[in-house]
Amino acid sequence: MLSNVVTLEGMPGRMARSRRRPVADNAGDVRFNSPSLSDAADDFERHLRPLWERAQAGDEAAYREALQRMAGRLRAYLRRRMQSLPDDLEDLVQDTLLALHLQRGTYDPSLTVTAWMLAIARHKLVDLWRRRGRQEALHDPIDEVDEARLAATPAAEATQRDLRTLLCELPPAQRDAIVLTKIEGLSVAEASERTGASESAIKVQVHRGLKKLAELVRRA
Amino acid sequence: MKTDDLILMLARDAGPAPRAVAARRLLPGAALAVTASSVVAALLLGLIPTGLYLQFGPWFKLIYAGALSLAGGWLVARLGRPAAHVRAPLLAVAGVMAAAAVVGVLTWSMSAPPHRIPDLMGHSWTTCSLSVLVLSLPGLAAALWALRGMAPTRPVAAGAAAGLFGGSLGALGYALSCTELALPFVAVWYTLGVLLSTALGAALGPRLLRW
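Chains as they are written, first to last, in this note's numbering: chain A, 1 to 220; chain B, 1 to 211.
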């Protein structure tokens with residue numbers, strides 16, 4: 001399965017060319033080596049990587065921008081693999097973003113951010129197929145389209161379900177912590193004052209709430 | 001909620017990413033599990049007399065199980081990370097098992113023919129692997145719990161690694177109570193116990209490691 005993750009990135013026609021241009025931060029890496037990365041993908045990673053590193057260190061603006069770029073890339077990736085489920089596309093983009101956020105501690109700096117992100121997207125896609133009871137295997141499109149060039153794909157589609165509605169189903173403490181700090185934009189200290197919960201409790205509730213939200217999303 | 005709004009929401013006040021996720025979840029669980037296996041083994045089976053530690057047999061078990069736990073823990077930590085490479089920890093696991101097998105085969109081939117069957121079967125071959133399997137349960141549970149807090153994208157492999165890790169911790173606990181001293185016995189029956197636990201983990205993985 002690991003090698004599949006790589007071949008998903010692979011654009012057969014481009015392999016020969018990109019083999020001559022290894023990605024700098026992955027040069028010694030045999031398995032996730034650049035044969036699979038096209039020039040555009042290379043470019044995408046080169047822009048994303050520094051943003052992502054700042055985001056991981058706690059830079060909010062960098063994190064926002066990284067997620068925006070990733071959303072475009074995810075949309076291009078998923079659209080080509082969900083042609084029979086177009087209505088679910090934007091929902092799955094959101095599910096994947098939520099998973100990326102919850103799992104950002106599992107990012108391994110020895111890998112490209114793209115490989116990590118697409119492995120999660122693929123996992124979410126397989127999970128969706130499984131829940132829908134589809135038997136069809138995950139077919140990788142074979143036509144030569146460079147997804148990384150489509151990365152700026154705008155979110156044209158509407159979502160089927162609204163995360164706000166699901167947010168209301170969370171336990172009140174978790175919901176309030178998320179709404180106050182993440183939507184109304186209060187600081188943790190302000191939210192703590194407003195609810196009477198300690199600051200660390202607010203942080204825990206936000207994290208648990210987002211995890212619970214990801215669970216609700218899977219059942220929705 | 002629009003995707004852009006979700007992104008704003010996720011990024012707002014997100015803080016730095018959690019660090020050392022694997023170690024923080026795996027180490028406390030492993031410490032608890034090895035304590036649990038040792039206590040259960042000591043209570044149910046009793047500890048071996050300290051005099052036995054003058055021989056190599058008990059140390060071989062502890063070294064084998066300890067090395068396998070380290071390699072298995074490394075593998076679990078890798079399989080909890082999407083797209084991470086597993087070749088190095090897999091080689092480490094295979095290397096430890098191969099080393100134990102070599103020691104087992106060498107000592108067996110050097111022992112006098114009348115000792116060969118006893119060296120292989122001991123007096124407890126019927127229970128050894130099963131004891132290791134039972135004692136692996138705390139470690140298996142701890143590893144599965146650790147993986148549930150991570151992002152395993154290969155649930156069968158991740159479950160198997162959790163079983164391997166749990167089995168090695170179980171073997172570590174069982175070594176404190178097992179009076180067998182022949183190395184071929186350890187190489188065969190301890191390994192079988194760990195493999196049983198690995199199979200159990202592989203079966204549980206897809207059920208318990210969904211996210």
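A couple of the hints might just be wrong.
Claimed, not checked - Computed, partial: chain A to chain B, Cβ under 10 Å:
1) 129
2) 163
3) 165
Honestly, the hints are just simulated from the structure, not real lab data. C-beta atoms are modelled at their ideal positions from N, C-alpha and C, and glycine is treated no differently.
Structure-based check of each hint:
no. : hint : result
1   : 129  : violated, 13 Å
2   : 163  : holds, 4 Å
3   : 165  : holds, 9 Å
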